[in-house]
Amino acid sequence: MKKDILSKDQIKHIAKLANLSLDDKELQIYTRQLASVLNYMEILQEVDTKHVPPTYQVLDRTTNIYREDVVGECFSQKEAISQGKKIYEGFFTTRNVFEEARVGNRTLEPSQRKVNDKYNAILTTADPKGVVGHKDLFMTKGIETTAGSRVLEGYIPQYNSTVVSNFEKAGLKTKYKLNQDAWGHGSSGENSDFGPTKNPWNTKKVAGGSSSGSVVVVATGKVDVATATDTCGSIRMPSSYCNVCGIKPTYGAVSRYGVIAFASSLDCPGVLSNSVENLQKYFDLISAKDSRDATSQSESREKKMGKLKRIIGVPMEFLGEGIDSEVKKIFLKAVEIFKKANYKIIDVSLPHTKYGIAAYYILAPTETASNLARYDGVRYGNDRSYFGPEAKRRIMLGTFVSSAGYTDRYYEKAARIRTLIIRDLEKAYDIVDAILAPVSPIPPFNIGEKVDDPLQLYLMDIYAAPASLSGTPSLAIPCGFTKDELPVGMQIMGPRWSEEMLFELGEEYQKATQWHKFRPNSKEMIYDKNW
Amino acid sequence: MTKTGNYNPTIGMETHVELRTNSKMFCGCPADHFGKKPNTQTCPVCLGLPGALPVPNKRAIEWCIVAGLALNCKINKASKFDRKHYFYPDLPKGYQISQYDEPIAINGFLDTSFGRIGIERVHIEEDTGKLQHKKINGENLTLVDFNRCGVPLIEIVTKPDIHSGAQAKDFEQKLQQIIRTLKVSDCDMEKGSMRLEANISWGLDWGYKVEVKNLNSFRFVDKAIEYELKRQRQILEKGEIPNQETRGWDENKNVTVSQRFKETASDYRYFPEPDIPPMEFTDTFIAEIKKKIPKLPAEKKAKLIETYKVRGSYAEIIVSQEGLLELAEKVFDIGKTKGLEADALAGILVNQKIKADTTPEKVLKLVKVKKERVGDIGEVTKWVDAAIIAMPSAISDYKKGKVNAIMAVVGRVMQLSRGKANPDIVKKLLEDRLK
Numbered sequence: 001m002k003k004d005i006l007s008k009d010q011i012k013h014i015a016k017l018a019n020l021s022l023d024d025k026e027l028q029i030y031t032r033q034l035a036s037v038l039n040y041m042e043i044l045q046e047v048d049t050k051h052v053p054p055t056y057q058v059l060d061r062t063t064n065i066y067r068e069d070v071v072g073e074c075f076s077q078k079e080a081i082s083q084g085k086k087i088y089e090g091f092f093t094t095r096n097v098f099e100e101a102r103v104g105n106r107t108l109e110p111s112q113r114k115v116n117d118k119y120n121a122i123l124t125t126a127d128p129k130g131v132v133g134h135k136d137l138f139m140t141k142g143i144e145t146t147a148g149s150r151v152l153e154g155y156i157p158q159y160n161s162t163v164v165s166n167f168e169k170a171g172l173k174t175k176y177k178l179n180q181d182a183w184g185h186g187s188s189g190e191n192s193d194f195g196p197t198k199n200p201w202n203t204k205k206v207a208g209g210s211s212s213g214s215v216v217v218v219a220t221g222k223v224d225v226a227t228a229t230d231t232c233g234s235i236r237m238p239s240s241y242c243n244v245c246g247i248k249p250t251y252g253a254v255s256r257y258g259v260i261a262f263a264s265s266l267d268c269p270g271v272l273s274n275s276v277e278n279l280q281k282y283f284d285l286i287s288a289k290d291s292r293d294a295t296s297q298s299e300s301r302e303k304k305m306g307k308l309k310r311i312i313g314v315p316m317e318f319l320g321e322g323i324d325s326e327v328k329k330i331f332l333k334a335v336e337i338f339k340k341a342n343y344k345i346i347d348v349s350l351p352h353t354k355y356g357i358a359a360y361y362i363l364a365p366t367e368t369a370s371n372l373a374r375y376d377g378v379r380y381g382n383d384r385s386y387f388g389p390e391a392k393r394r395i396m397l398g399t400f401v402s403s404a405g406y407t408d409r410y411y412e413k414a415a416r417i418r419t420l421i422i423r424d425l426e427k428a429y430d431i432v433d434a435i436l437a438p439v440s441p442i443p444p445f446n447i448g449e450k451v452d453d454p455l456q457l458y459l460m461d462i463y464a465a466p467a468s469l470s471g472t473p474s475l476a477i478p479c480g481f482t483k484d485e486l487p488v489g490m491q492i493m494g495p496r497w498s499e500e501m502l503f504e505l506g507e508e509y510q511k512a513t514q515w516h517k518f519r520p521n522s523k524e525m526i527y528d529k530n531w
Numbered sequence: 001m002t003k004t005g006n007y008n009p010t011i012g013m014e015t016h017v018e019l020r021t022n023s024k025m026f027c028g029c030p031a032d033h034f035g036k037k038p039n040t041q042t043c044p045v046c047l048g049l050p051g052a053l054p055v056p057n058k059r060a061i062e063w064c065i066v067a068g069l070a071l072n073c074k075i076n077k078a079s080k081f082d083r084k085h086y087f088y089p090d091l092p093k094g095y096q097i098s099q100y101d102e103p104i105a106i107n108g109f110l111d112t113s114f115g116r117i118g119i120e121r122v123h124i125e126e127d128t129g130k131l132q133h134k135k136i137n138g139e140n141l142t143l144v145d146f147n148r149c150g151v152p153l154i155e156i157v158t159k160p161d162i163h164s165g166a167q168a169k170d171f172e173q174k175l176q177q178i179i180r181t182l183k184v185s186d187c188d189m190e191k192g193s194m195r196l197e198a199n200i201s202w203g204l205d206w207g208y209k210v211e212v213k214n215l216n217s218f219r220f221v222d223k224a225i226e227y228e229l230k231r232q233r234q235i236l237e238k239g240e241i242p243n244q245e246t247r248g249w250d251e252n253k254n255v256t257v258s259q260r261f262k263e264t265a266s267d268y269r270y271f272p273e274p275d276i277p278p279m280e281f282t283d284t285f286i287a288e289i290k291k292k293i294p295k296l297p298a299e300k301k302a303k304l305i306e307t308y309k310v311r312g313s314y315a316e317i318i319v320s321q322e323g324l325l326e327l328a329e330k331v332f333d334i335g336k337t338k339g340l341e342a343d344a345l346a347g348i349l350v351n352q353k354i355k356a357d358t359t360p361e362k363v364l365k366l367v368k369v370k371k372e373r374v375g376d377i378g379e380v381t382k383w384v385d386a387a388i389i390a391m392p393s394a395i396s397d398y399k400k401g402k403v404n405a406i407m408a409v410v411g412r413v414m415q416l417s418r419g420k421a422n423p424d425i426v427k428k429l430l431e432d433r434l435k
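Protein chains in written order, with full-length UniProt numbering: chain A, 1 to 531; chain B, 1 to 435.
Chain B extracted, bound-state conformation (with noise of 0.2 angstroms):
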């Protein structure tokens, strides 16, 4: 049954971000659930009780509003609530109040490494409880904590235009120091406040796509998505189509595992929640908004590479670490006073892992030391002469003219000095030894 023959990685990223307002999106509960006892942060609205009614937060509205302004999408001027229906525990209404066909904004992108990626939508909901599954006198029970339930969530969705691991890594990466920049949410990983899922397939005329959840790392997505795809392409190429289900990353195996994971049948029933009026927003109370978006990492980068001539992996790292950006450009300033060049400095913000916090000065210092240090070319030259005689194909590369080759020589030499050499003198002796 085979349909296309054509094997095209298509991937498309699901990432929710919870918001770091005050309080929950439709009652006054606090937002900040992390670490607290469980039931302590509940009230009749997020618990679900007969009665109850939701009114949304004002302000998770307006930050919903920004990030989509952030990610270049247009705001849906009409804009209004769903009820999205299934039943597990950590739903205590039996619905989640999301949106369906009039998400806040829609049709933006973000510029990666790779590339472009649309974002088809971003749109605001309320969060889940927790579960915990627990043997409990014998009896198998699922405990559940409504402390989370109804925290406010935005889901960024973006189109199908990703192509590898590396990219889907580089997307979610980069949308995260958007998301901190915006200060609308700590996208933190580790606590669940930022959290992946990918779609994916050999293209989308197969007629199937595999959801991959529990991706709580950068290093994950990347890692599942290769994975899945060989997965993938190894039933394809038996002439079988994958199953379209939703599966798990499984960090320890390193493989994805099917789930059986909301055993509900998924027909979400979606209808406007009629305990919320609709919501409308004017070009005046957008440009408003827009007017406090700070700036954001991609403009930052440019910044760096035209006003301070900083190489661009550099600049991507400095801007890509809170309060770095600050740092490195106080340590250009004094250091243009002193003949030094910003890109050098760069590097040693960067292959140094400089903390934000440290004083200019005592980067500036580091300059010196580090001068003292690759002076010593005696050192230097023996790793250089090791690299050389470990990598006979890459230095015949090179004389062949393939003068990119003699990267992957600096890199075993800056292998060899644990990041101690200086990558441009390494560069400059590899040169002359190889004319």
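The following block holds chain A by itself, in its conformation from the complex (with noise of 0.2 angstroms):
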């Protein structure tokens, strides 16, 4: 495919099917930053798919969720128009539809939101006598919750997640809302319409992302744990960035209802904390099927695993070309701790672990695109004027990729090598327990050095796509520190529903290693003992 595919025409085209009026150099820079991540898609051609099925879901095979034909409690009125910018007589009102829509662009005037904290973690502090801080992709009923976004600044949510739910139910209070990439569009923190995250470690670079503030309130002790979601490493990258424990559960483990969807088939809310110890117990109170959320309901979540084979995979592809040297020197440290354990390594390939990003890229945004076609302004929120750079590129992208004439090429493709990757992961369970890797190409980087690249931020989540893309868990915690101080992660990978093995080898790490006990703050430790 030549670069010119894609002409202004049809990114205006695309414009009009995502409901986004860009102005000239928007459609300019569209334009040339969807080329480059189109050609980059490329690669997914020379991948032979005419007999793998596509997948769509990984939910072990459930079929027939329903709920019975009872009725239940609605909104009154008043709480269902209460967030609606123009109520009329008990309608939201909107522009004519029959009339022309304004075109043009105007320039948004800066957000009015004052920064809490020196980190820029924390969007709004609920009650200060809570004790969880939560993504502010969960809706907590009462207390404003944007996802990051300019759409939702403002935005008081009529309900609560089940996941705020069931710590409420555990007396576990909501103590902050957390700063993140817009949406969960990012992995470095930086996409957030109110300003990026700054890493505890060095204010100079990243927090990583999407879950950026989340990490950041559980790294300096603000709150035992904070809530995030992983699509496609959103909770272990900010772990791995900024040295906290987080679990990227099985696709399904944990309820979506109430959490701001970024891609549904990829979408897996976690919970982070400083230890893997404190991490099962957080995980143990939200990981339940709920009646609200039909991907929640997989039977196979009873099922127990087998015995154990003692035996860890090291992937080859990730260590080969991509990856910084550090980074590597200290992962292959901490796998040697396996390897005393008495646990015996040995290299599992995942071939198609190159494809993960082309793939991810068209799924993700193809789904995104569509969650964020609710936001009209209309009942809640801002109109869509209010979408930050990167959710329009997303939108923008997806759109295209699922659009008339260009689904097979991108979107049925990526799902097909999706089943791909599946079978890979399964083939290496079938020889290991578990499966260890960095959790980042490169440590934590300087903020604002990689924004003008989209498609090199886009390839920071290369050791991320294969757990997201077939729905298993994935236990990220720290694992030692650059020359620089910087923190380093990895992540031990299972099959799905093998949470609690994970958090068992997470644990006998965590017996052998100090890492995780390091803190932002007592720096001097890195040096104490040579690990």
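Honestly, the hints are just simulated from the structure, not real lab data.
None of the values given here were measured: they were computed from a predicted structure.
Mixed in with the good hints, there may be bad ones.
Unchecked claim - Derived DSS-like pairs (lysine-lysine); straight-line CA-CA distance at most 27 angstroms:
{"id": "1", "chain 1": "B", "residue 1": "Lys303", "chain 2": "B", "residue 2": "Lys290"}
{"id": "2", "chain 1": "B", "residue 1": "Lys290", "chain 2": "A", "residue 2": "Lys16"}
{"id": "3", "chain 1": "A", "residue 1": "Lys16", "chain 2": "B", "residue 2": "Lys130"}
{"id": "4", "chain 1": "B", "residue 1": "Lys353", "chain 2": "B", "residue 2": "Lys290"}
{"id": "5", "chain 1": "B", "residue 1": "Lys209", "chain 2": "A", "residue 2": "Lys141"}
{"id": "6", "chain 1": "B", "residue 1": "Lys362", "chain 2": "B", "residue 2": "Lys420"}
{"id": "7", "chain 1": "A", "residue 1": "Lys85", "chain 2": "B", "residue 2": "Lys134"}
{"id": "8", "chain 1": "B", "residue 1": "Lys135", "chain 2": "A", "residue 2": "Lys78"}
{"id": "9", "chain 1": "B", "residue 1": "Lys213", "chain 2": "A", "residue 2": "Lys16"}
{"id": "10", "chain 1": "A", "residue 1": "Lys511", "chain 2": "A", "residue 2": "Lys340"}
{"id": "11", "chain 1": "B", "residue 1": "Lys159", "chain 2": "B", "residue 2": "Lys209"}
Since each chain sits alone in its own frame, please combine them into the complex, following the hints.
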């Protein structure tokens, strides 16, 4: 495919389909950036997928999840319309649909929101006596929830997400709502419409994203637990960058009800804490079937794992080109710890790893373009001109790859590649109990360093993609520091519903090491012992 | 640019039927929305709030299967939901949860009085909110009410097998009877629980079709289709091709008008709904549902004709009205003991528009009254004479051997008598007179 596949007119057409009004400058930028991303996606065409079925959902073949035909509770009219900007006698109102839309794009006034802390991690302090920090994707009734986007600035939810309810039922009240890349779009924490989150280990560096605020409040000890979500690394990446423990659960383990959707077939709500032991405690609190989330009801959740083989795999594809040499060294040292603990370490191959990013950046944007279609400013929030640049980019990308004439080449193709990535992992787990891998190819980088090159940022998710696309769990834990005193994390990946085993492995590692105990404000410990 | 030169009226119908479930398709809000205060029956799911997720209503799925089976469809053993994307203020999520390539039911048929109509598919989806357009403080605004949003709908799509307005009308009437018999919807066109759209052209080869909406009565279906065919024919005969567009029926002017409707580009970008696991229906499950389907109008009609020897036209009307069949059967059974023919009694039921809640005894009393009335041959004879004078050509056709021409004259007499005359007697009188 040549680069000029995307004409400005096509971009205009896509913008219309996506209900975005873009100015000339934006049209130009998106034409160039999307062309570059699409060019990268050509890599998928080298894979023969003729006889590979597509994967749209990872649900252990769960079917027929219904609710009984019973009337439940409704909102009062007052609650229903409480967040509408223009109300008339109980109706929402909008510009007359028969009139032409206003053309052009006004420049938005800058947000009036003030920065609450020196890392810009906290968007809202809810209850100072609370104990949990929630990523701002979790709906908290009566507490502003923004998804890190100005589209939802000022939005006060009328209901609680299941996860938040579960915490509350256990007496754990909400303390903070936390900064994040808007809608979960990002791996650095720089895409928040309310400014980037800073890394407490070095405030010039990114905190990692998208759950940037969540890791920072855990790293700095402001809370013992924070919620987060991982669509393709958004729990693991910032955990790794801020020396925190995070679990990206099996897809469906934790209810997505009331978690603002990014990419529905990939989103996994999870938790962050300072040790695996704590993490497990909080995970157990929120890991449950939810009648309001049809994708949380797999029967396989109840199955017990078979006997462990005590074999751990290290995927060779992760340690080749592109990995920072220091990160690699630190990771291999971590592998040694398991060897010493009498695990057999073997190489495993995940041959489709290199297609993961291309597949992911077709599937996730397609779903996000759809999930963000509801934000029209009629019932709540602001209109679509409030989307930030990354959200617009992903909406445009997702709309394009799922539009008429392009689905076979992109969306369908990516869904088939997803099947191959799942098969790679299934094959590996026939032989090994778990897979060890680095979380990020490079240590935390400077804020602003990569913002002009979306593709480079997308490639940061390469090690996160296999677990995400396959709906399998992955535990991210600290495993060392670079000589610049920046944290490095690893992930322990396992088959679906193997969280318990991952926690066991993680605890075993944390009994033998101290990395997770370091805090940004007690750096001196780093050189106390030579791990 | 004549493509074929063949003019073959080609019509396909799309019918939306709101199911009368207790709750909505994907949430627990009440499905009965008619006449409720705006935005009083909503929740995070049907209001499309951030983070809300749909969970399908089991009964709605079963009723879609029921409808599919009643329309002689094959039930897809594997089915799923898909997202259909477009932007409109009545669609809160920016997509409608519908079904794309694996609808619940496919390849059925329905027999009309004008022949068999193929059913392409029956699928399930969610209804949208309701819009009103109003000028408020000098500003043209659209008001949105989401009470209807998320109510389960089944969509029944025919093959382009229909060739006239009358046939389309007959199809829709029969469809309504079937759905009502199944008791899955009240199919009330005035309340909008049955909504019709017609796709009309003079043949698929011409490469266009016109969609006509806002057909909220069976009469309009017939009229709009006939009007639209005429309009398109005029364009085609000029050597042009009609615009492929959506038009609406204007019931005051009796014309179709181009609709500036859904100004969005139509690329629905369907993809499988990731929030809902797929569906699988086993043979046993389908068989269980099939057992529960009540006798359908076509079967009932056949029974009336065969068992009671009632003429087809009466039988059709009797089965089309709720409860009338039950009354008719009682009347026929009692009538039999008194030596009264079922067909004659059926004639009374039909011609005198007897309501289903009438007692059989009352109906049978009418037989006597009627006998007296038709016994007054003098009056009937007057009408017969008047009709003969009024319809010379029909009379001459009849005399030339076109036996059926007499029916037109009978019709005229019935008209003159305002339905009071017994058509059988009229016919006999006429035949005698014209010998």
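Consistency of the hints with the structure:
{"no.": "1", "hint": "B:Lys303 - B:Lys290", "in the structure": "holds (20 angstroms)"}
{"no.": "2", "hint": "B:Lys290 - A:Lys16", "in the structure": "violated (46 angstroms)"}
{"no.": "3", "hint": "A:Lys16 - B:Lys130", "in the structure": "holds (24 angstroms)"}
{"no.": "4", "hint": "B:Lys353 - B:Lys290", "in the structure": "violated (34 angstroms)"}
{"no.": "5", "hint": "B:Lys209 - A:Lys141", "in the structure": "violated (49 angstroms)"}
{"no.": "6", "hint": "B:Lys362 - B:Lys420", "in the structure": "holds (18 angstroms)"}
{"no.": "7", "hint": "A:Lys85 - B:Lys134", "in the structure": "holds (17 angstroms)"}
{"no.": "8", "hint": "B:Lys135 - A:Lys78", "in the structure": "holds (23 angstroms)"}
{"no.": "9", "hint": "B:Lys213 - A:Lys16", "in the structure": "holds (25 angstroms)"}
{"no.": "10", "hint": "A:Lys511 - A:Lys340", "in the structure": "holds (13 angstroms)"}
{"no.": "11", "hint": "B:Lys159 - B:Lys209", "in the structure": "holds (13 angstroms)"}
Taken one by one, the earlier hints fail for this structure at numbers 2, 4, 5, listed in ascending order.
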